[in-house]
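**Student:** Listed below, chain by chain, are the residues.
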Amino acid sequence: MNSDKRICIVSGYYGNGKTEFALNYAISMASKDIKIAIADLDFVNPYFRSREKEELLAKHGVRLISSNIKESGSDLPAISGEVSAVINDLSTRVVLDVGGDASGARVLGSHKNHLTQGQYDMFYVINANRPENSTAEGVINNIKEIEESARAKFTGLVNNTHLLQYTTVEDVVKGQRICTNVSEITKLPIKYIVASKIITEQLPKDLEGEILPINISIREAWM
Amino acid sequence: MAKILMKGNEAIAEAAIRAGCDCFFGYPITPQNEVPEYMAKHMPKSGGVFVQAESEVAAINMVYGAAGAGFRVMTSTSSPGMALKQEGISYLVGAELPSVIVNISRGGPGLGSIQPSQSDYFQVTRGGGNGDYRIVVFAPSSIQEAVDLTIKAFDLADYYRNPVILLGDGMIGQMMEPVEFNLSKKTNLPKKEWATTGTNGKRKPNIINSLALASEDLERHNYKLKKKYDEMEEKEVMHETYKMDDAEIVLVAYGTTSRITKNAIDSLRESGIKAGLIRPITLWPFPNKAFNEIPKTTKSILVVEMSMGQMIDDVKIANEGRLPIHFHGRPGGMIPSPEEIAEKAKEIVGGAK
Numbered sequence: 000m001n002s003d004k005r006i007c008i009v010s011g012y013y014g015n016g017k018t019e020f021a022l023n024y025a026i027s028m029a030s031k032d033i034k035i036a037i038a039d040l041d042f043v044n045p046y047f048r049s050r051e052k053e054e055l056l057a058k059h060g061v062r063l064i065s066s067n068i069k070e071s072g073s074d075l076p077a078i079s080g081e082v083s084a085v086i087n088d089l090s091t092r093v094v095l096d097v098g099g100d101a102s103g104a105r106v107l108g109s110h111k112n113h114l115t116q117g118q119y120d121m122f123y124v125i126n127a128n129r130p131e132n133s134t135a136e137g138v139i140n141n142i143k144e145i146e147e148s149a150r151a152k153f154t155g156l157v158n159n160t161h162l163l164q165y166t167t168v169e170d171v172v173k174g175q176r177i178c179t180n181v182s183e184i185t186k187l188p189i190k191y192i193v194a195s196k197i198i199t200e201q202l203p204k205d206l207e208g209e210i211l212p213i214n215i216s217i218r219e220a221w222m
Numbered sequence: 000m001a002k003i004l005m006k007g008n009e010a011i012a013e014a015a016i017r018a019g020c021d022c023f024f025g026y027p028i029t030p031q032n033e034v035p036e037y038m039a040k041h042m043p044k045s046g047g048v049f050v051q052a053e054s055e056v057a058a059i060n061m062v063y064g065a066a067g068a069g070f071r072v073m074t075s076t077s078s079p080g081m082a083l084k085q086e087g088i089s090y091l092v093g094a095e096l097p098s099v100i101v102n103i104s105r106g107g108p109g110l111g112s113i114q115p116s117q118s119d120y121f122q123v124t125r126g127g128g129n130g131d132y133r134i135v136v137f138a139p140s141s142i143q144e145a146v147d148l149t150i151k152a153f154d155l156a157d158y159y160r161n162p163v164i165l166l167g168d169g170m171i172g173q174m175m176e177p178v179e180f181n182l183s184k185k186t187n188l189p190k191k192e193w194a195t196t197g198t199n200g201k202r203k204p205n206i207i208n209s210l211a212l213a214s215e216d217l218e219r220h221n222y223k224l225k226k227k228y229d230e231m232e233e234k235e236v237m238h239e240t241y242k243m244d245d246a247e248i249v250l251v252a253y254g255t256t257s258r259i260t261k262n263a264i265d266s267l268r269e270s271g272i273k274a275g276l277i278r279p280i281t282l283w284p285f286p287n288k289a290f291n292e293i294p295k296t297t298k299s300i301l302v303v304e305m306s307m308g309q310m311i312d313d314v315k316i317a318n319e320g321r322l323p324i325h326f327h328g329r330p331g332g333m334i335p336s337p338e339e340i341a342e343k344a345k346e347i348v349g350g351a352k
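Protein sequence lines correspond, in order, to chains A and B.
For the first sequence, numbering that gives the first Met the number 0 gives the first residue as 0, with consecutive numbering after it.
For the second sequence, numbering that gives the first Met the number 0 gives the first residue as 0, with consecutive numbering after it.
Treat the hints with care, as some may be off.
Stated by the list, open to error - Computed cross-link-like contacts, EDC-like style, restricted to lysine to aspartate or glutamate with a CA-CA straight-line distance of at most 16 Å:
#, chain 1, residue 1, chain 2, residue 2
1, B, K191, B, D21
2, B, K190, B, D154
3, B, K343, B, D265
4, B, K288, B, E232
5, B, K40, A, E131
6, B, K2, A, E131
7, B, K44, A, E131
8, B, K2, A, E169
9, B, K273, B, E342
10, B, K273, B, E346
11, B, K225, B, E235
12, B, K225, B, D131
13, A, K186, A, E136
14, B, K40, A, E144
15, A, K173, A, E136
In short, the hints are calculated from the structure, not lab data.
Quick caveat, the model's predicted, so the values are computed rather than measured.
Only chain A is shown next, with the shape it has when bound in the complex:
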């Protein structure tokens, strides 16, 4: 994790679990006393956005940069000016939580001047239990579409294959297989494997990528 670039862009097909990964990644960094902010650039999804988790993030010392229109009833494409500021602030790490698929990734184009190739990580989050990402071909199509509209290149893959509370070790292993196929074709390394702690403890030891045990925070307990 320490070798990751200062700027971490999280993208992928919508519903693949980008926000959950982004929140857990930022909190995990902050727990190592690393200064980090998370910028919610999602203007595609109306619900389940990282801006809803301000309290949780503050508790862990993660700064949240939300839309400049704060109300929950808004799905306006309004991105705070603070985002450019934090991208250029060399004293802090930042996670850019980008909204779903190619239309959501368009927002990155507007920050193109601040994003220099080699200066950032851009992770594609994969959940192989999502129908669009259940094959390497599907994932690669999405990767191409997003790269085109984001005008930025991915640098790594995140295996976030799950079925919510019904996730099994087999789900994660199946996702890893698809990530490996994608990796062989695209040459993108598998950077992280994400799952709840119980699942990560049972995973085979020789999988490519750092294991990031996560807590589910974006779904309410009653769901």
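Since chain A is already given, all that's left is putting chain B on it; use the hints.
**Tutor:** Same frame as chain A, now just chain B:
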């Protein structure tokens, strides 16, 4: 088939395609946008038609046209868009056109908010359109149920030659859950001999119309429609009960709210209060019978809605004045927590002792 993870809106769209939906007409509005988005992408692949209409009014009239020509048709919208469709819905009923109408509802009145709400209960069960009409309304509380009911909606629509409404609050549209698509055995549905499919010069033209020039004819037509509503009331009622056997307080909730309420019931039972749930799955016809079967142990009813109180009217009708009815609601796109529902129930039970 292995389960896949889908957002409610996507799952409803996929279920419609699997159910043989030929045409989809819609207009974007949050929080149901993934339905037309999915349809735009996938309908052409299945040989179907997707049209983004210029408005909700246009969309519902396209539904009228395509349903009249005998196709399986769906439209989808959210609350303010549903308001715009009302005239078309009344026409669909009048002309006896099968169709599936999805409302992923949000806070109101007016343009309101994009957050989940259940304040369209009156709109869907009482009808915002004119005339004597009834429509079966399904209110799923999980994504799997949304899938199953969408598939069922197409069959019911064809069987009764009437629209069917699928009402999910915004959370049902946006939430993700594992789903699988089980197409139950094909119902034996009659051929659509009434449809405007071209006469080939072999029969009289079929006419799709909701206008009657003679009042006597219209009266007869209304009696005919009423027979269908009676059959729906007899056959189509669906509900679920949860921990009702020894309940001292019965909660009534549907859709997302029923899930939250189940959590409240579990925590109430842990603290020694015997709570149970009646969950209407069809909002019309309403499960009146479930209220006749409330156990003798029950002293009060608590209705929970994401509204200022709409389903409570049907609960009052079903209750027939037997038990005191209380209400807890959150309007405007706010979601009640299990804790606040449990608190309200405790207040009521404590007060009754």
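**Student:** Holds or violated: K40/B with E131/A, Cα cutoff 16 Å?
**Tutor:** It holds: about 11 Å lies between the C-alpha atoms, which stays within 16 Å.
**Student:** Mind checking the alpha carbons of K343/B and D265/B for me, to see if they're no more than 16 Å apart?
**Tutor:** 14 Å, holds
**Student:** Does D21/B sit within 16 Å of K191/B, going by the straight-line distance between their CA atoms?
**Tutor:** 14 Å, holds
**Student:** Is it true that the CA of K225/B sits at most 16 Å from the CA of D131/B?
**Tutor:** 9 Å, holds
**Student:** What's the verdict on K288/B and E232/B, does the C-alpha distance respect the 16 Å limit or exceed it?
**Tutor:** At roughly 11 Å apart (the allowed maximum being 16 Å), E232/B and K288/B satisfy the hint.
**Student:** If you draw a straight line from the CA of K273/B to the CA of E342/B, is it 16 Å or shorter?
**Tutor:** With a Cα-Cα distance of about 14 Å, the restraint between K273/B and E342/B holds, given a limit of 16 Å.
**Student:** Taking only the CA atoms, is the gap from K225/B to E235/B under or equal to 16 Å?
**Tutor:** 15 Å, holds
**Student:** Is K186/A close enough to E136/A, meaning Cα to Cα at most 16 Å?
**Tutor:** 14 Å, holds
**Student:** Are K2/B and E131/A close enough, with their CA atoms no more than 16 Å apart?
**Tutor:** Holds. K2/B to E131/A sits at ~14 Å (cutoff 16 Å).
**Student:** Assess, step by step, whether the Cα of K40/B is no farther than 16 Å from the Cα of E144/A, and give holds or violated.
**Tutor:** 14 Å, holds
**Student:** Under the criterion that the straight-line Cα-Cα distance not exceed 16 Å, is the pair K2/B, E169/A satisfied?
**Tutor:** Roughly 13 Å between the alpha carbons, so the hint for K2/B and E169/A holds.
**Student:** Is the Cα-Cα distance between K190/B and D154/B 16 Å or less?
**Tutor:** Since the Cα atoms of K190/B and D154/B sit roughly 12 Å apart, the hinted pair holds (cutoff 16 Å).
In this structure, every one of the numbered hints holds.
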